[in-house]
Amino acid sequence: MRTIYNRFRIGLTPQRVLSVVFLIALGYLVIFPLFLMAKETFIVHPLERFQIPGSTIGDLTLSHWIRSFVSENSFTFFYRPLLNTLQIAFGLSILALLIGGTLAWLVVRTDIPMKNVITNAAIIPYIMPSWTLALAWIALFKNERIGGDQGIFTALTGISTPDWFAYGLFPITITLALHYFPFGFMLIGGALRNIDAQLEESAELLGASRVATLRRIVIPLVLPAIFSTFLLTFSRGLGTFGTPAFLGGPVREFVLSTSLYANLIGGRPGIGYLAALAMIVLGVLVLYMDHKIIGTRRSYVTISGKGARAGLVALGRWRWPIASILMGSILAVIVVPLGALAIDTFMLRPGLYSWENFTWHYWVGEASLSVGLGTGEPGILRNPELMSALGNTMKLAVVVALITGILGVLVGYAIVRMRGSWVSQALDQLSFLPYLMPSIALGAIFLAMFAVPRWPFPSLHGTFTLLVIACVVSYLPYAVKAGVSAIRQIGPELEEAAIMTGASWWTRMYRVIIPIQKSTYFSGLLLPFISVTRELSLLILLVTPTAQLATTITLRYTDRGWYPYTNGMVLLLVVIVVTCTIMSRRLMGTNIAKGLGG
Amino acid sequence: MPDIVLDSISRTYGGSVKAVHDLTLTVPDGSFTTLLGPSGCGKTTTLRMIAGLDMPTSGTIYIGDQLAFSLERGRSLPPAKRNLGLVFQSYALWPHLTVAKNITFGLEVQRVDKIETARRLEEVATALQIDNLLSRYTSELSGGQQQRVAIARVLVMRPATLLLDEPLSNLDATLRMDMRVELKRLHKETGATIIYVTHDQLEALTMSTHIALMQSGELQQFAPPLEIYARPANKLAAEFLGNPRINLLDGVIASGCVVCEGLQLTLSPEIAVTEGEKITVGLRAEELRLHPTSSPSWAEAHVTTALPTGSDWYYHIKMNSKTLIVRQNDTPNLQPGDVVYVEAIPNTLKLFDSNGCALIVSSA
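Residue numbers (the numbering used here), protein chains in the order written: chain W, 1 to 598; chain Y, 1001 to 1364.
All clues stand as given, with none of them false.
Computed spacing ranges between beta-carbons, pair by pair:
| id | chain 1 | residue 1 | chain 2 | residue 2 | range |
| --- | --- | --- | --- | --- | --- |
| 1 | Y | Ser1169 | W | Phe522 | 32 to 40 Å |
| 2 | W | Gln489 | Y | Glu1140 | 15 to 23 Å |
| 3 | Y | Ala1272 | W | Thr3 | 38 to 46 Å |
| 4 | W | Gln489 | Y | Ser1135 | 20 to 28 Å |
| 5 | Y | Glu1140 | W | Gly328 | 40 to 48 Å |
According to the in silico footprint, chain W covers these stretches of chain Y (three or more CB under 8 Å from chain W):
| id | segment |
| --- | --- |
| 6 | 1044-1058 |
| 7 | 1066-1074 |
| 8 | 1085-1091 |
| 9 | 1099-1109 |
If you're looking for bench data, these hints aren't it; they were derived computationally from the structure.
Computed from a predicted model, the values in this text were never measured in an experiment.
Even glycine gets a Cβ: it sits at the ideal position worked out from N, Cα and C.
Make a model of the complete structure from these sequences and hints.
In structure tokens, the structure reads:
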């Protein structure tokens, strides 16, 4: 007994204490809410009792499951959103793969000029909020049937866009693909870069042509990266909310995420939470496939320091034309949408594109019920509501980045130092779990969990704390992943050397562990900062009208058709995010591309 | 200054993997003790337990009169309180600090005042000839320089004991030779006890005052190097020390002699063996002589490979089915296929019973 106690007391190392604390905290914030949410699908909520005859609030019921899966309304409630979701996820993954893969091959394996510029520009669409392109699409292609005004395209050409082109699945798929293709570019590009040149040279020595080498050697070798990209974009497609909300809303075309949202705010939480569960199940399935298909094969892209880079494919006289087309397209994806958004904010009367119609009103104008849209809203920059939302966003971004960054280091530290024990594995998997939950589902979970007081917290409904908790849990997988790889690169003996001198755990952390990987940790801060700035789906369910964020208020303004304000806000966010990224790359040498991928 | 005493130390991982098993060892004060053994034999684990970075599953560690570890008494002295310094195999220099900051880190942690710190820094830097590198970052140093910095970082704390974990394994052959001399000099100058971990028997033989030979987590023999070389406690010890590897021949006791494969060795009468007992004889390469003519107690063999090194010749010879390695420094150049007659002239007789234990422990 005494020995057991002594063993416990002597063995009380910082990493053990940390692991236990994190295990409990994560269990509480990740596992418990999952159960809670599953429970909600069996319970009668206040407004639901009218649909379920003879029930009272809080009763156990199967009716949500029945209504979702096997009633005459199932198609509307569940199957149609599900099919739409899958269709979009599939389409966008294929598109993103084609665009990203081609781009990667051109940049890595050919003698195309301006590689650096192309590489940097290609990442920008990902840095922008995903629904920027959705709003731009509306600004460009909206038609008069919905919203009343025409888009820039119609104004310029006189051609009225058909509904299927302006709204719904088609533009959702396209705009998401344009947002996510950088994944393909980076993952496939990385794989291509890592192929040992000798593998290709051997093939060519054996008489294979360039095309045969590409088909028989290169593509099979990057196949794991291709699968990775596909599954990554696919799972993102499953959970995305902003784009389908903006583009699907006007034609009432729902995906799982927007259906979840509509049901939750429409007083049918049971059905809403079922959609959330469905999204999580799909996420797990995708991960399972990832394991099955890629699993061990992931490692067979050999990394070798030897052997010079294989000769680049000469594009010959196509060099500059192709480069120009590429640059043109990338610019088009960046400049045209942003330009369209910008133009919209300067047009006093929406849909009327002329110099006479030019105005600063939506940026700096006084509140007025007669000018422009007649919203009674002052211009963006002097609008207290919008500016305070922007302030909230910035505050949230900073707080979340700091907390997530610190947690990432600490959890990573616990995982690496406890390696080989079940605690390490449990922590690793628990901290990865939120990755599988589409963020709107995660938001729903926290809504369900903290709407009431729950020890040790009071009711957190509508509080800043709740937003922080949701964001931290949501970005934890990335932070922990970064933390683990950073700590793993610091051999334990670097810390032990400090232990030998008598340095306390705290001293070791801030004098040794953290300074060595400074730039990595800073990158780790940047990603959650940017993510919060543009986060919509996670927080849309959690904010209350009194404390809006820049993104959520944008959605509210869109609902009212006040596009100049929305577009202006999005532009502000894009400027902030891109500036932060560039500045941190300049100052700290951080690389956002490092933190991406999955 | 004190002896370091390990009293039946065991270290088990995950309940079943025994890294170190029931190790009892007294490292004499001021000695240069080498923990020697193949990789995975538990020597680094032992070193880490002495340092306090790892904890025994059972057993007691004393450092001098201080109880450093005892589970029963609920005691585990923190590494920094054990008055010892550890040089890691990888050196573990902090890449974000300059050489000077690396060396003074420990002094800063211990809040040694600035003047004293500067004085001590200069002292070790001069002693290890790295005073011109102080403002560099460790990535700008060669392997040998990093090695010196790692040692300086430890010495600056003035530990009573210096623990070295395979410190030369990352250096090239020439540098390794130089560092061996340097470490020996360091041992003499500082007077500190050194515990040195290596799998390189040559390092162990050339530098140590004592060798603790380990295998599979257990101590095989603890003695001065030449003692182990001359009188290995068992077959494992005999095979591990010495280059080339010792020749082991199976034999049988017959009328006061050992007979193996036609080779006869006379036994001195005080050795307790029974007639007809099966034993193994260990003969080092230099304990065999090759002759062109035969004699009754010699065995016939033929040369399979000749390896001249300049000063000596190494011959692989085949005696019946057994291949032996022989070192000669005065025979005429033999060619593969030559027939020779082998004489055994052991400096010390190394006989092992069927369990592999030495039959003759000491003649001294």
